[in-house]
Every structure is written in structure tokens, then in C-alpha cells.
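Listed here are the chains, written in short residue letters.
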Amino acid sequence: TQLLEQSPQFLSIQEGENLTVYCNSSSVFSSLQWYRQEPGEGPVLLVTVVTGGEVKKLKRLTFQFGDARKDSSLHITAAQPGDTGLYLCAGEMGKSTFGDGTTLTVKP
Amino acid sequence: EAQVTQNPRYLITVTGKKLTVTCSQNMNHEYMSWYRQDPGLGLRQIYYSMNVEVTDKGDVPEGYKVSRKEKRNFPLILESPSPNQTSLYFCASRILTGVGEQYFGPGTRLTVT
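Line by line, the protein sequences are chains R and B. Mind the numbering: the first sequence is residues 1 to 108 in the numbering used here, read in order. Mind the numbering: the second sequence is residues 109 to 221 in the numbering used here, read in order.
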């Protein structure tokens, strides 16, 4: 079974701070996705990374795929209360394996 | 509007009473799957289907059945629900090839007493 470990599990910060969420595995993935989920809703795709070493930016969010395609990180600059939610990474290798998620709370 | 729909959104039932949760997508996706989400355990795949009449077990298939008679529909069947199947269930779909982006339904919160 492919496992994806996310850290930290919970993160509570003040508005304006920066943060990084990590997604690690011992398995190699053909691609990795980051999703954001709000209470009462299904996960919504933020980004897909495919190439080892790839960096993608989505406004204040920066996603990086590890060189070996086993790990990824999500960095948020100047977090805002609207960033609050559950962040999930998912590795794809024929089927999808999800991490346990990082619950982010950004306080005004 | 491209979407995945699930019904019902909320369901409270009793142990042993068969139930079906429906899932439908309008994006002509070949691949559909069911997940359950539990606190501290993340999203775990129950079953998936790569096309009509093709289904396979995910990581936690025990106690569940699925069918894929039409491309757009992928119902989840609990023949004899038990309390440990109380959970939040999500259906998802994507194209079969490509880089794996999944589109999720809004979820079904099931409580089995």
C-alpha cells in the first residue's frame, strides 16, 4: 500500500503569516495533486504537479514536487482567513492515494 | 455545468437495512470511484471503475458493492450496513488517461445506528 504522510496535521496561524505543508512518501508517483476541502463539501483540485522538481504558483500558493517524485510541499505566503480549510495531497500511480490532510486555520 | 452529484446528502439508517447511494457525473468520464472520509484516516478508496462493467476493489471494499451499468452512474450499495460504516462518503470521477485530477461530489453523510 502506498502511503502519503502529511505534516503538520493541524496548523493555526495569524493572518499575514507564511506557512508550509509537507506531503511525503516512500513511493514514486506519476503525478501528485493538492486539493482544498471546506466543511460540508468535497475536495476541490488546486494543482497537479507531474515533473520532478516542478514548481507551480497559484497566486499566494507555491507548490513543489520533489526531484524524485516522492514528496511535495505547499507554501502559502501572507495567509488570509479565506485560506482556512483542509488541505489534502494525493499521489497518482494507477490509482489515487490520499494523505490524511492538514487542517489550516488562519485567524484574523 | 460540469458536476458530480450524489444522493442522498444525509442518511440515517439502522443496522442491516440495505441502502444505495447514487452517484452521477455529466463529464463523460471513464473513471469513477468511491471514498470514505473518517477523522484521522483521511480519504480511503472503497471501489473504483475504469469503464462500464469494469470495477475493482480499492483499499477498504469490505461491506460494500458497486455497479457500473452506465458510464455516468456509479452507485454504492451497502447490503447490510453496520455502525462502523458510519462515515462521510464521496464519489469522484476523472478521465482515464492524463494526470489524475479528480472531480468530487458534495458528499453523503451516513449514520448507521
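Hint data in this document are derived by calculation from the structure and do not stem from the laboratory. Note that CB positions come from ideal geometry on N, CA and C, so glycine has one too. Be careful, since some hints might not be right.
Claimed, not checked - Partner residues aside, some chain B positions facing chain R, computed with beta carbon under 10 Å: (1) Tyr172; (2) Ser195; (3) Cys199; (4) Tyr211; (5) Gly215.
Stated by the list, open to error - Residues from chain R that keep clear of chain B, each with C-beta distances beyond 12 Å, as calculated: (6) Thr48; (7) Val55; (8) Lys57; (9) Leu61.
Problem set entry | Hint numbers contradicted by this structure | 1, 2, 6
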